[in-house]
Amino acid sequence: MRLPKILLFIILTMGYVIGCNRPEVINDLSEDSFPLLTQDSTTVLFPKDFKGDILVVGFIYTHCPDVCPVITAKLSNINRQLENSEGVHFAEISFDPARDTPSVLKKYMQSFNLDPGKFTMLTGDSVTVDSALNKMDILAKIAYSKTNEEGDTSYLMNHTNRILIMDRKGRVRFEYPGSVASEQIVIEDINKLR
Amino acid sequence: MMNRIIPGILFFAVLLSGCSSTQKEQPRQKSLSGNLEISKIWARPAGQGVNSAAYFTVYNGTTQADTLIGIASEDAANAEVHESYVTDEGLSGMRPAGIMAIPSGDSLALKPGGFHVMLMGIKRELTAGDSIKLTLQFSRSGSKMISAGIRRQAASN
Numbered sequence: 001m002r003l004p005k006i007l008l009f010i011i012l013t014m015g016y017v018i019g020c021n022r023p024e025v026i027n028d029l030s031e032d033s034f035p036l037l038t039q040d041s042t043t044v045l046f047p048k049d050f051k052g053d054i055l056v057v058g059f060i061y062t063h064c065p066d067v068c069p070v071i072t073a074k075l076s077n078i079n080r081q082l083e084n085s086e087g088v089h090f091a092e093i094s095f096d097p098a099r100d101t102p103s104v105l106k107k108y109m110q111s112f113n114l115d116p117g118k119f120t121m122l123t124g125d126s127v128t129v130d131s132a133l134n135k136m137d138i139l140a141k142i143a144y145s146k147t148n149e150e151g152d153t154s155y156l157m158n159h160t161n162r163i164l165i166m167d168r169k170g171r172v173r174f175e176y177p178g179s180v181a182s183e184q185i186v187i188e189d190i191n192k193l194r
Numbered sequence: 001m002m003n004r005i006i007p008g009i010l011f012f013a014v015l016l017s018g019c020s021s022t023q024k025e026q027p028r029q030k031s032l033s034g035n036l037e038i039s040k041i042w043a044r045p046a047g048q049g050v051n052s053a054a055y056f057t058v059y060n061g062t063t064q065a066d067t068l069i070g071i072a073s074e075d076a077a078n079a080e081v082h083e084s085y086v087t088d089e090g091l092s093g094m095r096p097a098g099i100m101a102i103p104s105g106d107s108l109a110l111k112p113g114g115f116h117v118m119l120m121g122i123k124r125e126l127t128a129g130d131s132i133k134l135t136l137q138f139s140r141s142g143s144k145m146i147s148a149g150i151r152r153q154a155a156s157n
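Residue numbers (our numbering), protein chains in the order written: chain A, 1 to 194; chain B, 1 to 157.
Looking at chain B on its own, in the form it has when it is part of the complex (with noise of 0.2 Å):
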């Protein structure tokens, strides 16, 4: 009989040692540090006329949630934040993905196929090496300006 359970006992220490070492391995929560911070900025290449998509990182640092409620261009004749998104009929799509809130102590992530800043009407030809400006407007932290490297594909990291 204690042949039996022992193996079993062995087995569920095994278990809830591995469970308690995965929660260790759990990344700790990035301090808070007062300010927004908006990081790997980049944008597509595009033609004049057509469309391109720009990407980035907003880390709400700040003690309360915020909200990208807007954004502009003045190199697009339309700028607003989409998603990528597979329909009923399984295609591909873009749509609109409205306000965007974040958390106090939270990220919100623009990247390749998923939420990405739709840049329609791009008023002059946007080719690698160049940058296009974004104005960003947050509900509590205002607007905020930065500068998006166009490059081809994302950075690998």
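Same shape as in the complex, but just chain A (with noise of 0.2 Å):
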């Protein structure tokens, strides 16, 4: 039986608008179980412990005041905004562990009014930090420290600036550069992974 060509188009057109609305796999992290800390102290096994949802990563530090906020607040709008937020999760791991302790993540936390059911704060020893980090190509290293008049020394890092977004099965799909990233964009590609 011979197809008729204008339903074999329709049928080729719809398999490109799928494909196309289901992106690659960038980078797979659905194997990987990094034991990190939570806001509370927990040991969450990370992605691990994740799966299932759809995951909106950020990485930050809290001594960073100009771009890590724009991140934080861009993941607090997009939560916001999403009209379904069922099933979707965000998480911002620290690349500065040495400072931000459970505790110090906590109360950046609660600056943002962030909502502890959907957002996790991650951090841990930095070896294992450090892990994370490199699987998911994300750098950081100390660039600039003052010195006060009392002897304390303080630093600022240079850090890859990104957000990026996990599948149910703890894969990379989308990225984004963090501080600029569209919001609207990112709610429709959590979407097209529902």
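Everything labelled a hint here was simulated from the structure, so no lab data went into it. Don't be surprised by glycine CBs; every beta carbon is placed ideally from N, CA and C. Some clues are possibly wrong.
To be verified - Ranges of calculated distance between the beta carbons of each label pair, as one might list FRET restraints:
no.	chain 1	residue 1	chain 2	residue 2	range
1	A	A143	B	S143	27 to 33 Å
2	A	Q110	B	T63	31 to 37 Å
3	A	N134	B	G113	23 to 29 Å
4	B	E37	A	E86	44 to 50 Å
5	A	G151	B	T127	25 to 31 Å
Since each chain comes alone in its own frame, lean on the hints to assemble the complex.
Quick look at the structure:
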């Protein structure tokens, strides 16, 4: 039986459209489980324990006052603007675990009024955090330090500016330049993974 | 022949009229008020011991150039103007911006992702709704004290 040409065209077009809406896997972390600490000092396995949810991930350090708060605010805005946030979770991983202890991350979270039911802040021992960051191609290094009159030294870091989305299996499907990502595009991409 | 030339002339006429209307739409230069005007002032929340950033816009309404040469706050261990930038490796970073010259009739805008006041080592917790005082030192206009309201995000305007 030969399909009419018009029917064949429709099938091919639909296949193309469906294909476009299913982005390639950028980075597969489905077999990884990095033990990290939440803002409540609970150990979780990242991203294993988040499987089943679409996970939107940002990378920050709390001593960063300009770019990182913009990333956090974007994630908060995206959560607020989602018409249906069921099955979507947000995580922020600190690349400054030496200073970003669970209690510091908890205060940071409170200062942004982030919903603890939807957001998880993550830190941990520096080796594990570095391994997780390396797996996601996130770089961070100390770049500027200043010592005050009391002799206390504080430092700033240069870091990758990124937000990414993992599908329900822990695979990275979308990446964005974090602080300048379009909230609307991120929302559209979240919905493509539903 | 004329059939080809006339549309060409019309095309350039439309192009030129477009140019002149663009010039008319340019905003008129703000008249000099004789003062430095500081507006759009705010700062980010921060826990004690961490860093915050403050933002504002300075319009130099005086007849001479002025320079922002220093910033201080009793609520921070250090305060200096920084700029956010992208390194050669493509990383986001912040670095001191040095002194900031503001020509007469011009503005200096400190805003997220660009120039900002880096407040290092905040001495008390800054929460939304709170405020922090900053002293700005200008080479010609002397010191100006401003109060920055603490907000999570820039106003949408």
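We went through each hint and held it up to the structure:
| no. | hint | result |
| --- | --- | --- |
| 1 | A:A143 with B:S143: 27 to 33 Å | holds, 31 Å |
| 2 | A:Q110 with B:T63: 31 to 37 Å | violated, 48 Å |
| 3 | A:N134 with B:G113: 23 to 29 Å | holds, 26 Å |
| 4 | B:E37 with A:E86: 44 to 50 Å | holds, 48 Å |
| 5 | A:G151 with B:T127: 25 to 31 Å | holds, 28 Å |
Checked against the numbered hints above, the structure violates only hint 2.
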